[in-house]
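Asks: Chains as they are written, first to last, in our numbering: chain A, 1 to 149; chain B, 1 to 651.
Think of the hints as simulated: they come from the structure by calculation, not from any bench.
Bear in mind that the values here come from a model prediction, so they are computed numbers and not experimental data.
There could be a bad hint or two in this list.
Stated by the list, open to error - Below, a list of computed lysine-lysine pairs in the DSSO-like style, where the Cα atoms sit at most 27 Å apart:
{"no.": "1", "chain 1": "A", "residue 1": "K111", "chain 2": "A", "residue 2": "K47"}
{"no.": "2", "chain 1": "B", "residue 1": "K579", "chain 2": "A", "residue 2": "K6"}
{"no.": "3", "chain 1": "B", "residue 1": "K430", "chain 2": "A", "residue 2": "K111"}
{"no.": "4", "chain 1": "B", "residue 1": "K385", "chain 2": "A", "residue 2": "K85"}
{"no.": "5", "chain 1": "A", "residue 1": "K85", "chain 2": "B", "residue 2": "K275"}
{"no.": "6", "chain 1": "A", "residue 1": "K47", "chain 2": "B", "residue 2": "K579"}
{"no.": "7", "chain 1": "A", "residue 1": "K6", "chain 2": "B", "residue 2": "K385"}
Listed below, chain by chain, are the residues.
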Amino acid sequence: MKRRAKFFAGGAVILAVLAYLVYAGVSQSVVYFVTPAELLAAPSAGKTYRLGGMVQPGTLVWEPRTLDLRFTLSDGKATVPVRHKGTPPDLFGEGRGAVVEGSWSGDGYFKATTILAKHSEEYKAPHGASQAGYKELLKTLRGDSAGAR
Amino acid sequence: MLIGAPEIGYALTVVALGLALWGGAAAVTAARAGRPALLASAERAAVGVWALITGCMLVLVHAFLTFDFSIRYVASNTNRGTPFYYRITALWGALEGSIILWAWLLGLYTLVVVIRYRRRQPELYPWVLTVLLAILAFFLLVMAVPAPPFERLSPVPADGRGLNPLLEDSGMITHPVALYLGFTGFTVPFAFAMAALALGRTGEEWITITRRWTIIAWYFLSLGLLIGGWWSYHVLGWGGYWAWDPVENAAFMPWLTGTAFLHSVMIQERRRMLKLWNLSLIILTFGLTLFGTFLTRSGIIGSVHAFTQGSIGVFFLTFLALVLLTAFSLLAWRMERLKGQGELDSVVSRESAFLLNNVFLVAASFTVFFGTIFPLLYEAVWQEKVSVGGPYFNTINIPLFLGLLFLMGVGPLIAWRRASLESLRRNFVKPVLAGIVVAAVLRVLGVGHALVLLAAALVVFVTGTMVLDFWRAARARRRTGDGWAAATFGLLLRQNRRYGGFVVHLGILVVALGVAGSQAWSLQTEATLARGETVELGGYRVRFDGLDASEESNHGKVTGTFSVTHGARPVDVLRPAKKFYPQEQTPIAYVDYRLGLLEDVYLVLGDFARDGSHATIKVQVNRMVSWLWLGGLVLTLGTVLAVLPDRRRPA
Numbered sequence: 001m002k003r004r005a006k007f008f009a010g011g012a013v014i015l016a017v018l019a020y021l022v023y024a025g026v027s028q029s030v031v032y033f034v035t036p037a038e039l040l041a042a043p044s045a046g047k048t049y050r051l052g053g054m055v056q057p058g059t060l061v062w063e064p065r066t067l068d069l070r071f072t073l074s075d076g077k078a079t080v081p082v083r084h085k086g087t088p089p090d091l092f093g094e095g096r097g098a099v100v101e102g103s104w105s106g107d108g109y110f111k112a113t114t115i116l117a118k119h120s121e122e123y124k125a126p127h128g129a130s131q132a133g134y135k136e137l138l139k140t141l142r143g144d145s146a147g148a149r
Numbered sequence: 001m002l003i004g005a006p007e008i009g010y011a012l013t014v015v016a017l018g019l020a021l022w023g024g025a026a027a028v029t030a031a032r033a034g035r036p037a038l039l040a041s042a043e044r045a046a047v048g049v050w051a052l053i054t055g056c057m058l059v060l061v062h063a064f065l066t067f068d069f070s071i072r073y074v075a076s077n078t079n080r081g082t083p084f085y086y087r088i089t090a091l092w093g094a095l096e097g098s099i100i101l102w103a104w105l106l107g108l109y110t111l112v113v114v115i116r117y118r119r120r121q122p123e124l125y126p127w128v129l130t131v132l133l134a135i136l137a138f139f140l141l142v143m144a145v146p147a148p149p150f151e152r153l154s155p156v157p158a159d160g161r162g163l164n165p166l167l168e169d170s171g172m173i174t175h176p177v178a179l180y181l182g183f184t185g186f187t188v189p190f191a192f193a194m195a196a197l198a199l200g201r202t203g204e205e206w207i208t209i210t211r212r213w214t215i216i217a218w219y220f221l222s223l224g225l226l227i228g229g230w231w232s233y234h235v236l237g238w239g240g241y242w243a244w245d246p247v248e249n250a251a252f253m254p255w256l257t258g259t260a261f262l263h264s265v266m267i268q269e270r271r272r273m274l275k276l277w278n279l280s281l282i283i284l285t286f287g288l289t290l291f292g293t294f295l296t297r298s299g300i301i302g303s304v305h306a307f308t309q310g311s312i313g314v315f316f317l318t319f320l321a322l323v324l325l326t327a328f329s330l331l332a333w334r335m336e337r338l339k340g341q342g343e344l345d346s347v348v349s350r351e352s353a354f355l356l357n358n359v360f361l362v363a364a365s366f367t368v369f370f371g372t373i374f375p376l377l378y379e380a381v382w383q384e385k386v387s388v389g390g391p392y393f394n395t396i397n398i399p400l401f402l403g404l405l406f407l408m409g410v411g412p413l414i415a416w417r418r419a420s421l422e423s424l425r426r427n428f429v430k431p432v433l434a435g436i437v438v439a440a441v442l443r444v445l446g447v448g449h450a451l452v453l454l455a456a457a458l459v460v461f462v463t464g465t466m467v468l469d470f471w472r473a474a475r476a477r478r479r480t481g482d483g484w485a486a487a488t489f490g491l492l493l494r495q496n497r498r499y500g501g502f503v504v505h506l507g508i509l510v511v512a513l514g515v516a517g518s519q520a521w522s523l524q525t526e527a528t529l530a531r532g533e534t535v536e537l538g539g540y541r542v543r544f545d546g547l548d549a550s551e552e553s554n555h556g557k558v559t560g561t562f563s564v565t566h567g568a569r570p571v572d573v574l575r576p577a578k579k580f581y582p583q584e585q586t587p588i589a590y591v592d593y594r595l596g597l598l599e600d601v602y603l604v605l606g607d608f609a610r611d612g613s614h615a616t617i618k619v620q621v622n623r624m625v626s627w628l629w630l631g632g633l634v635l636t637l638g639t640v641l642a643v644l645p646d647r648r649r650p651a
């Protein structure tokens with residue numbers, strides 16, 4: 001019986017530690033999804049959020065040299081300026097949905113650490129729409145080599 | 001109406017479903033009433049089912065190879081530019097096809113069971129066949145109703161949509177096959193467990209019979225996870241191999257419980273304890289393979305792999321509920337026979353080391369499960385969307401896994417029943433000292449990262465125990481007159497089960513070092529470079545030499561050329577690219593890298609100027625990632641050794 005008690009005590013300790021780890025883990029790393037309107041209603045600086053909205057056309061500024069990326073996310077009701085350091089991901093662009101993870105800076109903008117572009121399986125682009133980048137480069141490079149000759 | 005490939009494929013599916021249902025019914029009747037003619041019929045049905053699923057696969061492969069876009073699945077997953085080999089692997093490139101692959105592998109395993117056990121296990125075998133055919137019938141039902149791979153598309157388009165570009169990779173040829181061999185592999189021990197319950201033969205028999213099946217299923221699941229990591233690492237372009245994505249978790253949970261099962265059955269074999277626990281573990285493991293598919297294919301959780309698919313989630317959830325209900329009812333029915341004959345004698349014993357290993361593994365599985373479904377629970381209760389990220393999973397799993405590493409050193413050497421202080425001293429003092437010394441030396445050399453120090457100390461401790469054990473055994477054999485080489489190989493072959501396990505453990509240690517090292521020491525930076533400019537990271541200097549554009553068979557490509565040097569030594573010229581697929585909204589990054597034993601240089605092309613003058617490049621120096629892949633190799637060797645025929649007993 002004594003041995004049994006030892007095993008039960010051990011089990012209880014393990015369970016308690018585990019429960020604490022789960023609790024601590026969840027409360028540390030839970031991230032709230034908010035829309036711009038929800039964020040602006042109660043901005044809390046330093047807390048991690050996932051902010052989802054549409055990248056407003058005409059607001060996207062990308063400085064390749066400094067890797068500064070700025071844009072405004074909108075949910076139709078409110079807009080939040082977002083700043084990020086680094087290349088935007090492939091699926092990111094004006095007029096598209098995006099989710100950014102980061103925190104409210106307290107100085108009137110959202111400081112994003114990660115950009116998660118929304119990927120929809122259903123969407124089918126018209127042919128050639130995404131091709132601008134490389135078609136143009138192809139043209140320039142061919143033009144370049146022709147000019148050099 | 002015209003009869004084409006879609007109708008032939010659909011007909012094959014329906015006939016196979018009918019046969020599986022008949023076979024299952026015949027097998028269960030034969031099992032209960034012992035009618036050999038019915039059993040023979042069930043066997044023929046099993047062979048027929050496998051042949052028909054093979055037929056389905058051939059029809060689909062043929063459709064892919066001949067661009068038969070009258071099949072929706074073909075049109076959605078290939079186009080005229082898709083290279084030949086990816087047209088074959090496109091077979092399992094999306095949901096419907098991966099269900100065929102699953103069913104086919106399960107059919108194959110069923111065939112092996114028929115061939116191996118029809119004479120050898122006359123009592124268990126009809127029940128095993130019943131369970132396998134019932135599960136096959138479910139997958140065929142999925143193929144027939146919610147996820148039909150042969151759905152006709154009309155009008156027939158001139159060209160298909162094309163394969164998801166991320167799947168045009170060698171990893172995608174092997175990853176699903178390995179993973180599904182693992183998933184379906186656990187079906188066989190599950191079927192034997194159910195047969196044992198149905199017959200009331202709850203002894204060690206079903207475990208002994210399925211030992212190799214379990215090892216092989218576990219191995220393929222491990223391999224599938226590692227190949228998945230490799231795919232993530234070299235295709236997705238974020239430089240990592242594991243993201244705690246729901247679909248990764250879905251495959252990881254059965255791996256954890258499967259690993260627990262693999263260990264706890266040894267206690268039952270040896271001490272006749274934990275009968276109830278082992279049965280529960282195999283039910284849980286099999287259930288988790290179904291749950292994973294439900295989770296990732298029903299679209300209830302967003303994931304990089306998730307596809308929104310209509311009613312398939314309902315089918316899987318219903319089947320999962322049925323399976324769990326049936327299995328646990330059987331368990332409850334046989335409860336009185338599941339009392340262990342052994343007792344735990346001491347806290348300091350091999351039994352309790354294994355028990356703790358099981359507690360840790362199941363706890364890890366539970367916390368992963370909880371973290372994965374937490375957003376769903378939270379949304380249901382609080383109507384708010386949340387996500388639980390990597391930090392949650394890391395906080396909990398890192399301590400658990402360090403504990404498991406420690407147990408890996410203790411378990412194989414500590415005595416059964418009760419370990420004496422003397423034996424503990426003899427077995428563990430030297431390895432523990434070795435671990436502490438190595439950690440201290442690393443600390444003096446300037447390694448400050450706590451995780452790396454702990455992992456290194458534990459790895460040295462575990463390796464020490466294994467070397468000590470093996471050396472003692474080899475020395476004993478040498479006394480009988482063998483040379484060192486003969487003693488070593490003789491031991492490996494004669495005790496292949498034990499030492500195969502040791503080698504598998506070594507593989508896990510190598511993987512663990514890779515994980516710790518890469519988490520602690522990897523570096524990354526990002527910069528926009530004009531032609532000729534350089535960026536430096538971790539002693540490497542990366543120079544931008546120019547951009548090129550080209551047209552490939554099914555996509556356009558912009559390739560950057562970057563020279564990498566280390567000091568004065570040229571390392572490599574890397575060519576990361578962006579691929580532009582007509583069917584995709586946006587370009588896909590194509591990573592280039594140079595792998596090394598200690599560090600990889602890893603380049604991802606970001607944005608670029610359309611005149612080719614500038615490019616933004618992400619540079620990573622990823623340390624010790626290669627150890628993950630090396631660990632996989634060691635794992636393979638160990639598994640082969642462990643499943644070799646047992647030499648100790650006459651076959």
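Asks: Keeping to a limit of 27 Å between CA atoms, is the pair of A:K6 and B:K385 held or broken?
Replies: 42 Å, violated
Asks: Verify the proposed pairing of B:K430 with A:K111, using a straight-line Cα cut of 27 Å.
Replies: This hinted pair is violated, its Cα atoms lying about 52 Å apart.
Asks: For the pair supplied as a hint, A:K85 and B:K275, is the alpha-carbon distance within the 27 Å limit?
Replies: With Cα atoms ~56 Å apart, A:K85 and B:K275 exceed 27 Å; violated.
Asks: Taking 27 Å as the top limit, are the C-alpha atoms of A:K47 and B:K579 close enough?
Replies: The given pair, whose Cα atoms are some 37 Å apart, is violated under the 27 Å limit.
Asks: If you draw a straight line from the CA of B:K579 to the CA of A:K6, is it 27 Å or shorter?
Replies: 61 Å, violated
Asks: Hinted pair, alpha-carbon criterion (27 Å max): B:K385, A:K85. Please report holds or violated.
Replies: With Cα atoms ~26 Å apart, B:K385 and A:K85 stay inside 27 Å; holds.
Asks: Is A:K111 within 27 Å of A:K47, Cα to Cα?
Replies: 11 Å, holds
The structure shown violates the earlier hints numbered 2, 3, 5, 6, 7.
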